[in-house]
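Number of protein chains: 6
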Amino acid sequence: MSVVAINARNQFQGTIKEIILGPVVSEVDVETPFGIVTSVITTRSVKDLDLQVGTEVLALVKSTEVSIAKL
Amino acid sequence: MSVVAINARNQFQGTIKEIILGPVVSEVDVETPFGIVTSVITTRSVKDLDLQVGTEVLALVKSTEVSIAKL
Amino acid sequence: MSVVAINARNQFQGTIKEIILGPVVSEVDVETPFGIVTSVITTRSVKDLDLQVGTEVLALVKSTEVSIAKL
Amino acid sequence: MSVVAINARNQFQGTIKEIILGPVVSEVDVETPFGIVTSVITTRSVKDLDLQVGTEVLALVKSTEVSIAKL
Amino acid sequence: MSVVAINARNQFQGTIKEIILGPVVSEVDVETPFGIVTSVITTRSVKDLDLQVGTEVLALVKSTEVSIAKL
Amino acid sequence: MSVVAINARNQFQGTIKEIILGPVVSEVDVETPFGIVTSVITTRSVKDLDLQVGTEVLALVKSTEVSIAKL
Numbered sequence: 727m728s729v730v731a732i733n734a735r736n737q738f739q740g741t742i743k744e745i746i747l748g749p750v751v752s753e754v755d756v757e758t759p760f761g762i763v764t765s766v767i768t769t770r771s772v773k774d775l776d777l778q779v780g781t782e783v784l785a786l787v788k789s790t791e792v793s794i795a796k797l
Numbered sequence: 727m728s729v730v731a732i733n734a735r736n737q738f739q740g741t742i743k744e745i746i747l748g749p750v751v752s753e754v755d756v757e758t759p760f761g762i763v764t765s766v767i768t769t770r771s772v773k774d775l776d777l778q779v780g781t782e783v784l785a786l787v788k789s790t791e792v793s794i795a796k797l
Numbered sequence: 727m728s729v730v731a732i733n734a735r736n737q738f739q740g741t742i743k744e745i746i747l748g749p750v751v752s753e754v755d756v757e758t759p760f761g762i763v764t765s766v767i768t769t770r771s772v773k774d775l776d777l778q779v780g781t782e783v784l785a786l787v788k789s790t791e792v793s794i795a796k797l
Numbered sequence: 727m728s729v730v731a732i733n734a735r736n737q738f739q740g741t742i743k744e745i746i747l748g749p750v751v752s753e754v755d756v757e758t759p760f761g762i763v764t765s766v767i768t769t770r771s772v773k774d775l776d777l778q779v780g781t782e783v784l785a786l787v788k789s790t791e792v793s794i795a796k797l
Numbered sequence: 727m728s729v730v731a732i733n734a735r736n737q738f739q740g741t742i743k744e745i746i747l748g749p750v751v752s753e754v755d756v757e758t759p760f761g762i763v764t765s766v767i768t769t770r771s772v773k774d775l776d777l778q779v780g781t782e783v784l785a786l787v788k789s790t791e792v793s794i795a796k797l
Numbered sequence: 727m728s729v730v731a732i733n734a735r736n737q738f739q740g741t742i743k744e745i746i747l748g749p750v751v752s753e754v755d756v757e758t759p760f761g762i763v764t765s766v767i768t769t770r771s772v773k774d775l776d777l778q779v780g781t782e783v784l785a786l787v788k789s790t791e792v793s794i795a796k797l
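Here the protein sequences come in this chain order: A, B, C, D, E and F. Under my numbering, the first sequence has 761 at position 35, and the numbering climbs by one with no breaks. Under my numbering, the second sequence has 779 at position 53, and the numbering climbs by one with no breaks. Under my numbering, the third sequence has 797 at position 71, and the numbering climbs by one with no breaks. Under my numbering, the fourth sequence has 796 at position 70, and the numbering climbs by one with no breaks. Under my numbering, the fifth sequence has 739 at position 13, and the numbering climbs by one with no breaks. Under my numbering, the sixth sequence has 741 at position 15, and the numbering climbs by one with no breaks.
Among the clues, some could well be false.
Any copy will do: because identical chains look the same in the list, a pair fits if it lies in one copy or spans two.
[Unchecked claim] Computed list of lysine-lysine pairs in DSSO-like fashion (alpha-carbon distance at most 27 Å, straight line):
#1 Lys796 <-> Lys743
#2 Lys796 <-> Lys773
#3 Lys743 <-> Lys773
Derived by calculation from the structure, the hints in this document are not laboratory data.
Chain A extracted, bound-state conformation:
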């Protein structure tokens, strides 16, 4: 693991509610005060970061990855 400083935008702090482990990638569902944020990361990362149900995490998104739709 590396410890770094990142921009404070597009961060969703929460607690891991569920992990669906796959052979290559896993789904990590993060419960935030305002809803579930779903992430797909490598199963290798889940293990390297020792992510478990209940772990406090930040879900992070690059601004160029955010789309806008109109209601």
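Guided by the hints, dock chains B, C, D, E and F onto chain A, whose structure is given.
Just chains B, C, D, E and F, lined up with the frame of chain A:
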């Protein structure tokens, strides 16, 4: 514009608070219950969707684009 | 599901020809008049949107995700 | 430039119809049988690849970047 | 496979050290002189490009996908 | 800024060699042992993180964003 049905995960509903227009891409800042969500989209999309400060929108993120960091 | 209006660029309308279901993500192959477009989405989305072979869908891509190569 | 072999999926062959040059990124609109495919790439790439209106190109998209919406 | 010319930035040349095959996506670990670069691509691509341990490849990244953190 | 722990894969440590500032996004070129890594981030992030020529940074890429091409 096209009207479609999308998955309900990773949607951040809010109101546009600020738009920084560039010649090619623009920054659209959406005030949501999760905090400010910042999106970079084409200036063409800003015009096609007629986005303005105050417009109600959904900021959308694909699960494979969400990273996880540990606090 | 949410119903939203999106920008009309980078939309490929077609019919699902094949779905390869994985434990976490699935491959969805969309047959369009001009070729197959392949998408990898969460298996959760496949179920939430009730995607099946034969379902009419739009494959969508954000402009910032499109690369250009020269022939 | 590098010459490489890539997977044949999610390639949209066409001709550049318009380029909107920005200081950092540019919009490249490619006319393909699928319709217009819009790409945002660095202005540096536009110059390095010598892209111009009329240049034949491939627009490329990674499968994990393709979203699915229902009509 | 298609043979194309691409921008020379953000290319990491190396040899495949490990492939973890999944039903939909696979992890491809590329050993470069400066460290391992990890890629997740469709298992279909692994087969179409006939990727194996020892194959010489380029790992490629679009500039808009690169994040910056401060040490 | 937030200080977080992240997975150690796909990190390219280096020094900023050049910044091209745009009104919305900026190009940040990082000199690393792998060669120059080019990133496009919001100009807002450049300012929030106080990035300048000479600043030591990590360029980070999610594994799902890395493509593989054959030489």
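Hints and how they fare:
Taking CA atoms no more than 27 Å apart as the test, Lys796 paired with Lys743 passes between copies only; the shortest distance there is 15 Å, against 29 Å inside one copy. Taking the shortest alpha-carbon separations for Lys796 and Lys773, only the inter-copy value of 12 Å comes in at or below 27 Å, while the best intra-copy value is 38 Å. In this assembly of identical chains, Lys743 and Lys773 lie within 27 Å of each other by CA distance both inside one copy and across copies; the values are 16 Å within and 20 Å between.
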